[in-house]
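Sequences listed follow chains Y and S, in order. Numbers in my numbering are just positions in the first sequence, counted from 1, shifted up by 5. Numbers in my numbering are just positions in the second sequence, counted from 1, shifted up by 21.
Heads up, none of these hints are tricks.
So, partial list: chain Y residues that the calculated Cβ filter (under 8 Å) puts toward chain S:
id, residue
1, R114
2, R118
3, R127
4, A131
5, T171
6, I173
7, A199
8, I200
9, A201
In short, the hints are calculated from the structure, not lab data. We treat Cβ as the ideally placed atom computed from N, Cα and C, and that holds for glycine.
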Amino acid sequence: MPYLHRDNGLRRAEETRERILDAALFCFSRHGYDGASMKQLAECCSLTDAALYYHFPSKQELLDSLLNERWRGIVVPAASPGRPFSAQVLHAFVDRTLERWGDEADFIRLLAREASSSPLSREIYARAMAEWEAALSGLFDEGFPAEAAGAISRAVKHVLVGLLFTGIQERGDAFAALVAEPAYRDRVHAMVAAIAPVERFAPGPVPR
Amino acid sequence: MDGTGHLRGSDTRSRILAAARELFARHGYRGATVRAIGQRCGVSDAALYHHFPGKRALYDAVLSGQPVLSAAKTGGDDVGREAILAMLVGLETEWAQQPELVAILFAQSIAGDAEATAANVRMRGELQAMLQPGLEALGGGPHASEALSLVLCGQIVDNVLRSGARYADAVLSPEGVDNLRDAIELILPAADAARLWAAG
Numbered sequence: 006m007p008y009l010h011r012d013n014g015l016r017r018a019e020e021t022r023e024r025i026l027d028a029a030l031f032c033f034s035r036h037g038y039d040g041a042s043m044k045q046l047a048e049c050c051s052l053t054d055a056a057l058y059y060h061f062p063s064k065q066e067l068l069d070s071l072l073n074e075r076w077r078g079i080v081v082p083a084a085s086p087g088r089p090f091s092a093q094v095l096h097a098f099v100d101r102t103l104e105r106w107g108d109e110a111d112f113i114r115l116l117a118r119e120a121s122s123s124p125l126s127r128e129i130y131a132r133a134m135a136e137w138e139a140a141l142s143g144l145f146d147e148g149f150p151a152e153a154a155g156a157i158s159r160a161v162k163h164v165l166v167g168l169l170f171t172g173i174q175e176r177g178d179a180f181a182a183l184v185a186e187p188a189y190r191d192r193v194h195a196m197v198a199a200i201a202p203v204e205r206f207a208p209g210p211v212p213r
Numbered sequence: 022m023d024g025t026g027h028l029r030g031s032d033t034r035s036r037i038l039a040a041a042r043e044l045f046a047r048h049g050y051r052g053a054t055v056r057a058i059g060q061r062c063g064v065s066d067a068a069l070y071h072h073f074p075g076k077r078a079l080y081d082a083v084l085s086g087q088p089v090l091s092a093a094k095t096g097g098d099d100v101g102r103e104a105i106l107a108m109l110v111g112l113e114t115e116w117a118q119q120p121e122l123v124a125i126l127f128a129q130s131i132a133g134d135a136e137a138t139a140a141n142v143r144m145r146g147e148l149q150a151m152l153q154p155g156l157e158a159l160g161g162g163p164h165a166s167e168a169l170s171l172v173l174c175g176q177i178v179d180n181v182l183r184s185g186a187r188y189a190d191a192v193l194s195p196e197g198v199d200n201l202r203d204a205i206e207l208i209l210p211a212a213d214a215a216r217l218w219a220a221g
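Chain Y with its partners taken away, still in its complex shape (with noise of 0.2 Å):
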């Protein structure tokens, strides 16, 4: 029995931990690395400050673990693999990119926050776009000009980072309402499709 006490303490301090985290993404995220204090979050998670820094001994430590642990989020499986590329495998790929991403909203205003003042937030969004581009060049198939697969690549991440920056910006906390809205999506389709003519590269011999 005693061992089975050890374990449920275990989970619970775990339980905590994560609780503090996700308090923390939620404050940070809207207030800001300096506009939330320890004793705030502590509050925020109906502990004591002694049993917060138990946890977290310092708000620097709390913020990286924050990015370090939570990034994958952001970075999409490739899905269906084998399936050969067509404008709608690369919309499939851009529909669940706006879902992850609009479930990870808080995450993403985090990094956009602290980008000029934290090189780890850096460091992380370097590292989380770096998989989700390897996911998304994954998708072309071997007889896609090479070329023209990095520049597609490029300007859809650039349209899908420009559509997550406008739509935080206009929707903020109801980001992710607005990506599941019909509307929204023929809307992102519609840049999506005005980047990527994906059939002009088509292989094979280009119909005239």
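Could you slot chain S onto chain Y? The hints should help.
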């Protein structure tokens, strides 16, 4: 007023503006106070209000330092494409010299500053209107100008998140300019893309 007095007046004005740019960039419209701006540049409240009637006037003056957009010249295919590219690169070059403006228009906006968002939305609307005639003349579709202004915006945001205050180096690097050139080629009808890339 003699020449020296006038000079001193405009010197004070530009000092106030520099302090306002800095504090609006760092703390946003709501977070920056007129008092703090005065303290930052060592100008008394009375002197500051003599130059600017209030915070709103200060903010507008800072934003009026944005590069003035003018429509890309339309011309033959290559001329037109190069003119659009030159316009985008020119805009980014001017922004690069004013990192505080970029902080206001992009970083403060995403942080939730309503004033910064309004300014950013206005700027994008103007950019799109300026791009539209040139892209249309070159055969761009109905979404061409919106898509291209999103690419520009996305490229800046991507580089701000990646490089912080050093974003301008990346945006204006040869790769950054190539990205814009590629985007223009992708958005416009195929002729030149076939020339640039080995199309299927």
